[in-house]
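Engineer: Now for the letters of each chain:
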Amino acid sequence: MQNKTKKYLAWLVVGIINLMPLVFWCLVSPLNMRFISLTATLTSLGQIFGLLGMSLMATVIILGARLKLLEKYFNGLNRLYINHHLLGGIAFCLLIFHPLWLVFKYALISSQSAAFFLLPSLENIPKTLGGVALGIMMVLLMITFYTAWKYQHWKLSHKFLGLAFIVAFLHTLLIPSDVSRHLFLKVYLGGWGLLAIGTYLYRTVFYNIAVKKYEYTVDALNHLNRENLEIILKPLDKKLVFQAGQFAFFNFLNQSLKSESHPFSFTSRPDEENLKIVVKALGDYTIDLPERLKNGDKVEIEGPFGCFGVTGQRQIWVAGGIGITPFLSMAKNLSSDRQIDLYWSLKNSTEIFLQDDLQLLAQQNSNFNFLPVFSDTEGFLTAEKIKNRSGYLSGKDIFLCGPPAMMKVLKKQFMDLGIAKNNIYSEEFSL
Amino acid sequence: MIKIKKYVSGSLFIFFVVAVAVLTAGLVFYDQSNKVNNNNSNSATVKNIDDNTNNSGNVFYTTTEVAQHNKVSDCWLIISGQVYDVSSYMDQHPGLAETIIPSCGSEASEAFATKGGTSKDHSGRAYALLKNYLIGSLK
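Protein sequence lines, in the order shown, are assigned to chains A and B.
Basically my numbering = 1-based index in the first sequence + 667.
Basically my numbering = 1-based index in the second sequence + 31.
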C-alpha cells in the first residue's frame, strides 16, 4: 500500500496554501456586494481567478524544482512532475480567464473600453506587466502542449516560465486591488511568491553551486550486447547512498558528449562500493554514449530519487526491455521471505543481458522466480498471461517498469482484472 | 495528462476569439466615433464631445445645485469648471465606487488629477471616457 497519509497531508497543505488568499478575499468585503450586479460579479470573478492562478503558479514552480523533501510526500519524482504538469495546466487556465472576466466587464460599458483594456499601454505599467507575463506564458506553454521539440530544447524554453512568474509577481503587488489594499494579502502572496522565485533561482541560476551533486569517475565499461552498456562508477569523494530501485540524474563530463543530465536506475546493490548502471541506446544522447564514453571520464550525479521501493510480501515485477534496471538492484537486495515473480519482456534472446545473476538467484531462492518472455516467439506479455503463470494476482503488489506504452497498457489490463490502482507501482519517465 | 490539455486548448481558444472580437469591434467603433466627433463640432447639444473648447453647451449649474447630488446612486462631480453625472459609472470605476464617493456633489478637479492624492493623473482614456458623462458647466 502506498503511503497514503503522506499524500493526503501533502495535498491538504497545497489546498490550504492556495485557498487562503481566497478565504481572506471573502472576509474583507461583504460577499453580497461582490456579486450584487453583473459588473460587480465579473470584477469579482476576475479577482478570484487572479488570486488562485497566482498562488497556484507559485506552487507549480516549487513542485517542479526536484526537491527531495517534496518527493517523499508525493510518492516519487515522477508523481511530482505529473502533479506539476496537472496543476500547471490548471493555473494556466485560471490566468487566461483572469483578464477575460475583466474584458467582459468592460465590454458592458463599450467595446472601445474593452479594447483599451486589452491593449498594453505605458500609462498603466502594472496592468501591462500582467499582459507581458501572460503573453510569455502563452508562448512557452503552447510550446509545451502543442509542439514536439527535442527534450533539451523544450526544457530550456520551459525554464523561462520563471521569468514570466517574476513579471506576474510584480503585477500582483503593483496593481490597485485587494492585494495592494490589504497588508495580509500583500505579505502572504508576496512571501509565497518570493519562496517560489527563490526555488526557481536555486534550480536555474544557482544550479551549479546550490544543488548537491556527487562526483564519480568511470571505472569500467562493459558492452553487454549491441545496444546495452554497463557503466561502473567509482566515487571520487562522498559516496551516494541509495535504496534498491532508486535512480539518479547523471551528467557525463566528456568533451564529445552533450552537457546534459539524464536519469538512470542503479543496478548495483546499495552496499556495493561502486555504482552500476545499464544504459540502452534509445535516444540522441544515449546513442553516442557507448562509443564516446571513456574510462576515467568524470560524472556528476544528482540524486537519489524514486519511491519504487519494496513493500508487500508477495510481488510481481514486470520489466520491459531496459526497464529491468531497477529490478536488478532490487533482486540483489532481496530478503528471502518475499515471494517474487519477475517477468522480463524482450523481443528475443539476443536482447537479454546480465541474466546470470537473476538465474542464480532463482536457483538459490525458491521464493524468487525469473521469467523472461520473448515476444517474437510467445507474443506480447499481458496481465492475463501473468495471472495464469503466477497463479493468482489478488493481494500482490505489482511493479511495472518499461516503455511508457507498455506500462499504460499493462496497468489498464491489471485494473480490468480487478487489481486496485494502489497495488500497482510504476515509474514513468515521460508524461 | 490528456485531460488537462483539453481545458488548456479550450481556454486559449476562447481567449483568442474574445480578444479578436473585442479588438475588432473596439477599432471599428473608435473609427466611427472619431468621424462622428468631427461632423458634430457645430452642434450645441449638451453631450457634444469636443476636445478644443471648455464650453459644453448652454446648461449651467450652481455649486448648491451640484451639492444635492452627493450620493452613490446620484453622484455629480465638478472637474475644471464642468459638471459630470457619473451615477451610472460608479460600479465600473477601476478604483471602485468608494474612491469617487467622497467627491460626490463637490469640487473634484484635484482628486481626479491626482487620483485622490496619489499624485498620479488619470490616463488620457479616462479623460476621454469622462466626457461621456458631461451634463453642463459650473455657473
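Since the hints were derived computationally from the structure, they do not count as laboratory data.
Just so you know, not all the hints are guaranteed correct.
[As the list claims (entries may be wrong)] Covered stretches of chain B, as calculated for chain A (at least 3 residues, CB under 8 Å):
1) 51–58
2) 95–103
3) 110–118
4) 147–157
Ideal Cβ placement from N, Cα and C applies to all residues, glycine included.
Engineer: Indicate, hint by hint, whether the structure satisfies it.
Structural biologist: Outcome of the hint check:
With 5 residues having a Cβ less than 8 Å from any Cβ of chain A, the region 51–58 of chain B passes the three-residue criterion, so the hint holds. Given a C-beta distance limit of less than 8 Å, the hint that chain A covers the region 95–103 of chain B is violated, as 0 residues qualify and 3 are needed. Coverage of a stretch by a chain is defined here by at least three residues with a beta carbon nearer than 8 Å to that chain's beta carbons; for the region 110–118 of chain B and chain A the count is 0, and the condition is violated. For the region 147–157 of chain B, the proposed coverage by chain A is satisfied: 3 residues have a C-beta within less than 8 Å of a C-beta in that chain, meeting the threshold of three.
Of the numbered hints given earlier, the model fails hints 2, 3; all others are met.
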